[in-house]
Every structure is written in C-alpha cells, then in structure tokens.
Amino acid sequence: MDRAHVINQVHEVLSEGFEIDPIKLMAHAHLYHDLGIDSLDAIDMLVLLEEKLGRPVDAIQFKNVRLLSDIYDVIERMMAPESAAGPVPLEPQPSDATP
Amino acid sequence: MGVISSLGNSPRELFDALLADRTGVRRMDGWDQYVGLKSLVAAPALPYDTESIDRSVRRTMSPMSAMGLLAARQAMAQADISCGGETRSRMALCVGSTTGSPQGMNAFFKKMLENGGPRGQLGTAFFRVMNHSAAANIAIGLGFRGAVSAPSAACCTATQALAMGWEMLQTGLYDVVIAGGADELDFTSASVFDIVGAASTGFNDSPTATPRPFDRRRDGLVVSEGAGILVLETEEHALRRGARPLAELTSGAYLCDGKHMAHPDEHATAELMRASLARARLDADAIDYVNAHATATVVGDLEEIRATHAVFGESARVSSLKGHLGHPLAACGAIETIACIEMLHTQTLIGTRNLEEPDPELQRVQLLQGVSKARVNRIMVNNLAFGGISASVIVSRLEV
Numbered sequence: 001m002d003r004a005h006v007i008n009q010v011h012e013v014l015s016e017g018f019e020i021d022p023i024k025l026m027a028h029a030h031l032y033h034d035l036g037i038d039s040l041d042a043i044d045m046l047v048l049l050e051e052k053l054g055r056p057v058d059a060i061q062f063k064n065v066r067l068l069s070d071i072y073d074v075i076e077r078m079m080a081p082e083s084a085a086g087p088v089p090l091e092p093q094p095s096d097a098t099p
Numbered sequence: 001m002g003v004i005s006s007l008g009n010s011p012r013e014l015f016d017a018l019l020a021d022r023t024g025v026r027r028m029d030g031w032d033q034y035v036g037l038k039s040l041v042a043a044p045a046l047p048y049d050t051e052s053i054d055r056s057v058r059r060t061m062s063p064m065s066a067m068g069l070l071a072a073r074q075a076m077a078q079a080d081i082s083c084g085g086e087t088r089s090r091m092a093l094c095v096g097s098t099t100g101s102p103q104g105m106n107a108f109f110k111k112m113l114e115n116g117g118p119r120g121q122l123g124t125a126f127f128r129v130m131n132h133s134a135a136a137n138i139a140i141g142l143g144f145r146g147a148v149s150a151p152s153a154a155c156c157t158a159t160q161a162l163a164m165g166w167e168m169l170q171t172g173l174y175d176v177v178i179a180g181g182a183d184e185l186d187f188t189s190a191s192v193f194d195i196v197g198a199a200s201t202g203f204n205d206s207p208t209a210t211p212r213p214f215d216r217r218r219d220g221l222v223v224s225e226g227a228g229i230l231v232l233e234t235e236e237h238a239l240r241r242g243a244r245p246l247a248e249l250t251s252g253a254y255l256c257d258g259k260h261m262a263h264p265d266e267h268a269t270a271e272l273m274r275a276s277l278a279r280a281r282l283d284a285d286a287i288d289y290v291n292a293h294a295t296a297t298v299v300g301d302l303e304e305i306r307a308t309h310a311v312f313g314e315s316a317r318v319s320s321l322k323g324h325l326g327h328p329l330a331a332c333g334a335i336e337t338i339a340c341i342e343m344l345h346t347q348t349l350i351g352t353r354n355l356e357e358p359d360p361e362l363q364r365v366q367l368l369q370g371v372s373k374a375r376v377n378r379i380m381v382n383n384l385a386f387g388g389i390s391a392s393v394i395v396s397r398l399e400v
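Chains as they are written, first to last, in this note's numbering: chain A, 1 to 99; chain B, 1 to 400.
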C-alpha cells in the first residue's frame, strides 16, 4: 500500500467516523488539539482503521502518535511487505478512561 | 417543559396533535422479518435534529439520550434557567429509561457473537447501553455539574422521576430538579410485550385503530418512543429569580405491590392513588380529571379502572393518551404530565382515542371521548409498570 493510499484510507476514517472536515486533515494536524480526537475517540479510531484496512492493527504502535502524519507512518510500516506475514496481536489501547 | 414524541416535538405541537385527534401509530417496515413477532405496529418519534448536538457529546448517545437532551434543552430554555459552569449543589437531574439503549445492546451483542469476542467493538458502545446512559448523556450535553440520578421502573420511570423530584424539593436540599424519562423504539421492546401477550397484534393492517384503551376490542399496547423533561423548582426559588411557573407539582408518590412482576393489582393501584392524594393533603373530590396509564391491555385497563373507581367513585373523569401517542415506555409519564399541564392551561380535556365502544366492565367511571371544555384545576397522572411498581403525580393550576 503506497503512502497516498494510506493517507486516503486514514482520511476516510476520520472524516466519516468522526465528522472531521476534510480540509482540516493536514499531515501536521495534531490529533487532539486540531482534530478533537481524545482518548475515547482514539480507541474507536483504531477499531475503524482495522475495518478499513481489513487487518488487525497493533495498538501499541499507536501509543506515541500525536500528529496525523504519525498515523500515516505507523500504518505504512504495518502494511509493508515484511509486516504482512501474519496478523499482529491486538493489545489494549492505552486510555485515560476509568470505570 | 420539553418533549420529543410521536405526535410533536414541543409541548405545543404535542397538544395541538392531541386536540386534532392525531395518532403516531403506523405499521413498521421490516418488522415482519423478526421470527415470532406478531405486533407489527409502533409509534416512532417525529424526526428530530441531532445535528445541533456536538459530536463529542453525540458519540456516546443512542436515540433515547439524544431525544432526552433535546427535550431538556427545550425545558431549560422555557424555564429560562441554566445549569452549566460551576458546580450546582442545589440542582439535580433525575432522568430514567427502561434499560440502556436496546438498539445499542443489539448492535453490541450482534458484533460480539459474529466476531466471537470483543474485537471490533467501539469504545463508545458501552456508554449507550449502560443503565444511566440517558441521564449521563443529558448531563454532559447540558454541561450539568450537580446531582444526577437515573431511576428505572419501566413504564412508570418518568412519573417516578417526577415524584422523586417532588420529594427532593420537599427536603429543602434542592432548589431545582430537572426530571423526566426517555426511551427509544426497537423491535426488541415490542417483542417483550409480544412475548407476554400484552402487545396489540390484531390491527397490523389498520394501525391507526390501535391501541384502544378501555374499548371492548382493545388487544394490547403499541410501543412508542420519546422523551419528556420538566424543570421542577421550589416556589421560593422561582419567585426569587422572577420565573414564570407553568403549574404546581402538588404531589408525587410511588409504590410496589410486592406481589407480581406482570399482573397489575387494583388494590395496590388504589393505595398509590390514595398515597398521592395524602401527600397533596387533598381529598379525592379535589381531582377534576385522572390521566390513566391505560395502555389497552385487557387486564391492565380493568385493574386500573377498578382502582380509580375505588378511590374517586363513579363521577371520576378518566382518559388515556396512549391511543394517540402509543406507549413511550419510560417517557410516558412525563409526556402525559406535560399534556395535562396544557389541559390545565386551556381548560380542555382530551378523551381517549380509539375508544369507540367502551368495555361495559370499565364503565364504572366517566370514560372521556373526544375533546371537551371543562373546569380543570387539578389532575392526577398515574402510570403502572412491570415489577409491580406504580407512580402518581398531581399537577394543579397555579390560580388554585
């Protein structure tokens, strides 16, 4: 999957799943400050990304993402041929949600 | 007052529809696909605007919470009162539903079964299905920082919330209680009543002719949805801030019969009505009209009328609004109370829709048909629920 395709898939998830105006979807956009994606949204974002990509995503790899471009990078690495040998086990997504 | 319902999305729209004898009931597209479901009629809410709710709030909302928030906003605007900002230690929000979102539960367990586990579940899903979803979502939608509670007593939930609100104000601990109920339509709700033989099944091809409270041909209830919210306030607090009250909430009471989950009991229902009168320090003859729960089940209507007769005698004027509204479950008591406050304002009584041939067994009281002008100062609103629980409130004209 080339980077343009990754970007397209990520933008579809964010605009359809989180009603974010596509014009705001810039590589340097901060997920929380610019796009309003908080910890609860981040959990759902990974679920929707899994659906969109058609394969499990490793939540741990998203632990340090801050910018939209960080997401592109993680997914690009995930989708690289050497990562496609098998599904990566899912880990719980870090969250500040408490019971 | 605020309302979202099958007949109107404001108190005025609701009451105009009642005056015009309209019904929200229709045959539901697609319900014939559900194996074993015999009741194919329901009364969905009129379209309402969820776009006015910010996504960060809406993401955890099912329809019941969205309807509840919209109704709460109406009520807060009419009362000209705000609740955002600082902590409100003397304000409470008391709003319930029958369960968490049935639509959300269906989606949650469907995915769980399909995927063999939690994979693919959205993190926001749980916040739609938890029992206090409506109350919590409304509070967050309003920015309310105060006491929140979520009573749940099926079909008398909203009435119980109003009665609890009345009690909270009586304690002197609170000045304002935002109270009511909300529920959303789903085939599973209809299924519950279908399974126990309480849903209307004989009018699928003539849906506007059902439900038929008190009628000889009544064959059960028709599920609906909606939200009703009222801002309750102590007289002192209302006067201090120059508010314009719409009516007095004179009493509130709720009781469990301690006997049976599903079979209403005339004696317990009569005790409820007497308790409601006693809390208002009123005699039965002070009530000008009784707004009955009367969902059009054979047994429920009979037991309720026997109880009403036992308390009020033959002269009691009684009707049910379920023939117009359907049964909006946890929301019904608040929606009906709002309609009754409009009756007080207009000195008009709304009779029971679809009551064409009163059941002779029920002609122990005056069963109202059509719209009539009347001197109406005090109204009792009663609702009965699974679990043997019933609730009652009395609303009065302010001039009384």
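One should not assume that every hint holds.
Label-pair distances were calculated between CB atoms; the ranges are [said to hold, decoys possible]: (1) A/Arg55 with B/Arg55: 50 to 58 Å; (2) A/Lys63 with B/Gly120: 38 to 46 Å; (3) A/Asp2 with B/Gly143: 25 to 33 Å; (4) A/His28 with B/Arg22: 54 to 62 Å; (5) B/Ser82 with A/Asp34: 27 to 35 Å; (6) A/Asp21 with B/Asp80: 53 to 61 Å; (7) A/Ile60 with B/Arg241: 27 to 35 Å.
Hint data in this document are derived by calculation from the structure and do not stem from the laboratory. Quick reminder that beta carbons are idealized off the backbone N, C-alpha and C, glycines included.
Consistency of the hints with the structure:
1. A/Arg55 with B/Arg55: 50 to 58 Å: Violated, since A/Arg55 and B/Arg55 (Cβ atoms, about 27 Å apart) do not stay within the stated range.
2. A/Lys63 with B/Gly120: 38 to 46 Å: For B/Gly120 against A/Lys63, whose Cβ atoms are near 21 Å apart, the range 38 to 46 Å is violated.
3. A/Asp2 with B/Gly143: 25 to 33 Å: violated, 45 Å
4. A/His28 with B/Arg22: 54 to 62 Å: At roughly 55 Å between Cβ atoms, B/Arg22 and A/His28 fall inside 54 to 62 Å, so the hint holds.
5. B/Ser82 with A/Asp34: 27 to 35 Å: holds, 30 Å
6. A/Asp21 with B/Asp80: 53 to 61 Å: 34 Å Cβ-Cβ, so the 53 to 61 Å window is violated.
7. A/Ile60 with B/Arg241: 27 to 35 Å: Violated, since A/Ile60 and B/Arg241 (Cβ atoms, about 54 Å apart) do not stay within the stated range.
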